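Visitor: Below are the chains, spelled out letter by letter.
Number of protein chains: 4
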Amino acid sequence: MTNPYPRFGAGLWHFATYVDRYASDGYGPARTTLDAIELAGQVGDLSVVDLNYPFTPGVGLSEVKDALAAQNLAAIGITPEIYLRRFSRGAFTNPDPAARKAALDLMHEAAGVVRELGADYVKIWPGQDGWDYPFQVDHHALWKNSTDGVGALAQENPDLRFVIEYKPREPRVKMSFDSVSRTLLGIEKIGLPNVGILLDFGHSLYGGESPADAAQLAIDYGRLFGMDVNDNFRGWDDDLVAGTVHPIELFEFFYTLRKNDWEGVWQLDQFPFREDSVAAARAAIEFLKAVDRGLERLDFEAMQKAQDQHDALTALRLAQQALFSSL
Amino acid sequence: MTNPYPRFGAGLWHFATYVDRYASDGYGPARTTLDAIELAGQVGDLSVVDLNYPFTPGVGLSEVKDALAAQNLAAIGITPEIYLRRFSRGAFTNPDPAARKAALDLMHEAAGVVRELGADYVKIWPGQDGWDYPFQVDHHALWKNSTDGVGALAQENPDLRFVIEYKPREPRVKMSFDSVSRTLLGIEKIGLPNVGILLDFGHSLYGGESPADAAQLAIDYGRLFGMDVNDNFRGWDDDLVAGTVHPIELFEFFYTLRKNDWEGVWQLDQFPFREDSVAAARAAIEFLKAVDRGLERLDFEAMQKAQDQHDALTALRLAQQALFSSL
Amino acid sequence: MTNPYPRFGAGLWHFATYVDRYASDGYGPARTTLDAIELAGQVGDLSVVDLNYPFTPGVGLSEVKDALAAQNLAAIGITPEIYLRRFSRGAFTNPDPAARKAALDLMHEAAGVVRELGADYVKIWPGQDGWDYPFQVDHHALWKNSTDGVGALAQENPDLRFVIEYKPREPRVKMSFDSVSRTLLGIEKIGLPNVGILLDFGHSLYGGESPADAAQLAIDYGRLFGMDVNDNFRGWDDDLVAGTVHPIELFEFFYTLRKNDWEGVWQLDQFPFREDSVAAARAAIEFLKAVDRGLERLDFEAMQKAQDQHDALTALRLAQQALFSSL
Amino acid sequence: MTNPYPRFGAGLWHFATYVDRYASDGYGPARTTLDAIELAGQVGDLSVVDLNYPFTPGVGLSEVKDALAAQNLAAIGITPEIYLRRFSRGAFTNPDPAARKAALDLMHEAAGVVRELGADYVKIWPGQDGWDYPFQVDHHALWKNSTDGVGALAQENPDLRFVIEYKPREPRVKMSFDSVSRTLLGIEKIGLPNVGILLDFGHSLYGGESPADAAQLAIDYGRLFGMDVNDNFRGWDDDLVAGTVHPIELFEFFYTLRKNDWEGVWQLDQFPFREDSVAAARAAIEFLKAVDRGLERLDFEAMQKAQDQHDALTALRLAQQALFSSL
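Residue numbers (the working numbering), protein chains in the order written: chain A, 1 to 327; chain B, 1001 to 1327; chain C, 2001 to 2327; chain D, 3001 to 3327.
The following block holds chain A by itself, in its conformation from the complex (with noise of 0.2 Å):
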């Protein structure tokens, strides 16, 4: 018999602690890759997980191996870590020639990584690539950067797929891939066929998209090559458990998915700053199912006809109905 619900992931962060400006000691008290792993396997229902690289000091790929084989667990993505000390004035567009070499270097062993772990790509999140100030930066040697980075990294690792993950702001002021638009715009540039998105449905959210638009619009480009999702309020990349704050835009998003049939893994992008993390995304994971099964349930064809009217009245009960009666 088959799994009746998709596929679930999580980015491994989901299960670490976290540290901000403020708590500099930490929400908890660290923990490793391998730490992670157990954790994210207690929830039970996560198929894979997106790991960050380098793993913690003095762990191995064998021992990583190892433990996600003991909790049945897959690596669908690996996340280099090109936002540390070191890239904090920017990976592909930092001032520092070294510093951006340093950054290619660590993403090509990430791409190693994927190699040796079998898994679906490399995950490209240039947080810290960006500005903070007007003036600071000059716009068309910042873009360049960025687009002629990535286009080096895939085409020199073709067999590999390398998502972006675009994200208005945060750790910068703001973030060169910004934006679903902005990030396909450097993609036609690049002109590559591995590289694609990751559409992270909260920054689709706080950056003013409709995320349902968002994946319509990369699916559209044939780059909708992953995707994540948490809730938050609109004005911040919260990263709060998914559904709690916005459920019907997120039901809107998977709905936009399975029309196309777009057959990923839902993953989940959390930050449980102050929650249990294995009750955060089974709280996440308890909603998703809930949204499959009220996709079974919405009537699609009466859904069109409703939007093709533009008729916000009909086409809103019809998806309050299915979803709600769905938890």
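Since the hints were derived computationally from the structure, they do not count as laboratory data.
You may find that some hints are simply not true.
As the list claims (entries may be wrong) - Distance windows between CB atoms, simulated:
1. B/Ala1302 - D/Leu3061: 54 to 60 Å
2. A/Thr56 - D/Pro3097: 40 to 46 Å
3. C/Asp2261 - A/Val59: 35 to 41 Å
4. B/His1140 - D/Gln3321: 49 to 55 Å
5. D/Asp3308 - B/Phe1300: 52 to 58 Å
6. D/Asp3105 - A/Val59: 37 to 43 Å
7. A/Leu61 - B/Glu1263: 32 to 38 Å
To be verified - Here are some of the chain D residues that sit facing chain B, going by a computed Cβ distance under 8 Å:
8. Pro3054
9. Phe3233
10. Leu3313
11. Ser3325
These numbers come from a predicted model, not from an experiment.
C-beta: ideal position from N, C-alpha, C; glycine also.
Position chains B, C and D relative to chain A; hints supplied.
Guide: Same frame as chain A, now just chains B, C and D:
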């Protein structure tokens, strides 16, 4: 002797009065197209205006020509009002094909007026094209209608330029052409040489863009066909007097234009709801003249050097000194 | 048999048509006060309406009385239009003393209508009291005029209640009575028993408040005299149909009212620009009935226990299950 | 000869290095309290600093005294770190009574340090007091704990001043003391003379307030005990260098202080993540000196006259000319 300053222009609506959903009796007595032209003439520094079309009832094209001539003004563009009641559910994307056709007819008519007046462009401002609610529209279809519509129009009028003025929202809760990147994606898809962007500084600012970065991107694609300025508080299209709230970012915007040898008209798009419209235009132009003088004073080489190092403090000191000493 | 649901009401403007600065010809043909009352009657679940004053030209008080009676409606409040052209630079704070006096006169007149109709309150919605630009006003004087004006009005009409509907902005770029806390500060300064707050859910939401927290605070000061609901995208007063975007926070709002035994009318303040207004009201009320049923199902004791521990995951699961199973 | 300028100060954290959830290895090598004091001394224009407490491990009070003396600095305040891990679920409002007690103990300890150093105030910055999710907390209880806690502290230390630094959010998704009005409401409820506000310009700006209006209100209640400045993009507490983005509103803020004869220290609260911290402080002070000179040049009488008429254009011209000619 040549004029030491750039050419200045304004949307003719700057000299109208306004209604909104509260002051439904208007912020002042209604003005005709001819009244507005006369007020535009009183500013003293304007060379061109962008005119709404249709003109107010009873005003004919020849009268408009005469009125412009009397004020020593030329038409730079025509803005067909594809956002009135007839088009409140969309112009290019209206679910009613008859409304879509009416919108295209009006734009073709506006194209004729552009030819008659020897203006530069037909302005496309699709403020009613978008959506209000989650689930309201099929995003694929909506975007396709948006780009197909603009494409058809541009193809049938290859002798004219069409400029799209993007904006995040208002009057729709969300507009289709919402950002510089989305608009460029659409324009690239259309693939015609006569479609470009009219970049409104305030739309960019409150959309979370850096207007300077947006201008650079549009220039890099060869699509910056026009621009206008104003100011706001980054949360709405307040259309305040240029330079009153964000002088530094306005200066960076013009710095970017100058650096790229962009030589179009410096237009105003202000809505002085409660101010004297001639005084509001003069206040803005006074500031823009200071911007122009500031650009003369600015050490472009030193600025480039600072930006190459992402040295915000040096770059900002250069910018502040050049601009503020020019007021 | 008693009605199982709370009493429902609506601002009569819900059934008007609207203009804005783009669709200056209006989103539909103009409607009279009597037209709107008839539409309100068609909703079927409304018990009361809040009426703008003056009525549309040519409509007298006795006609309004008859029209209300014919639809089985009562007046809950009167909203004097202190935001029309005459007051576009302020009602209580207009720099012109004659305009200030005219505003007060209109409000006194509205007080008379409240008495005639046996309504509950005069609504004070000072949308034009505030400022647009930095440096525009003397903030001490502006705020003093705001509170002095309301105080004088309330003192001269001690038999009536005056409710202030605060809002962050629109039509002014910034309003004086902008938040629940500012308004309570003002009310405490005024120090009269007959001045309170009408809390608009959407104003609170897009002002960055938690509407539930705002309601609790107003209740703790004994000043929650009324409320109305709608929805938006947290960036503007979109006045969308209640429950369509933020169902959870709407439920938390009503949970807070119920927990405090607050027993007023559940009013609608929606602006269905492009929707059928009767259908939009019915859709909202259908949702509000589900909210009411959800409150019946909700385990208040378990919720309190979860909240005492700040246990968000448990609290949200309780809320989701109670609300969504009630739709 | 007296110093022509106001006294300048800074939060000592200005001279620390930072971590965030991405650059978890920090934006630079860790610095001790003593390191930071030495850097503060290098600025050259600082008279006072506000110190975090506890000091970095191994640094004692007498060393701090010596270090301050060596740099010719005095302590203006002490900021107990009631936002570290121990207090991540709240200081005054933590659901765990032991954590609440620990927070109060730390603040009492800080009060002792204030006495020892002859400083002016204990800073209360309750960044972890608030909530993250809808339904998470009982808002009545949360606010009562907030004000009761501050009240108890102030009552037990009547010889000292306690200043609350409000902020909309971060690190909590929503903070209890979120705005000037809410904080004043709480202070009035507490009813003690030794509780006031430390107004952070940037917190006010990104909270949607006019910082000038906020300052005026706090002054009108006799509660403006301190202030600090920085800049941001109105969406987050970016803590950028003062004057770099919003010079006009910064000038209006100081204009309001001067007009009310407020004579406290002009403090900096900047987080130069990627800049040299001494250079960042100097850049800000250079700007603040221009602000001070600008206030000398400004025609206060003409400004008042313009503001009495709500004449934004005249008021802004006066302000621009006074400020910009002073740089």
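Visitor: Checking against the hints above, which ones are violated?
Guide: 1, 2, 3, 5, 7 and 8
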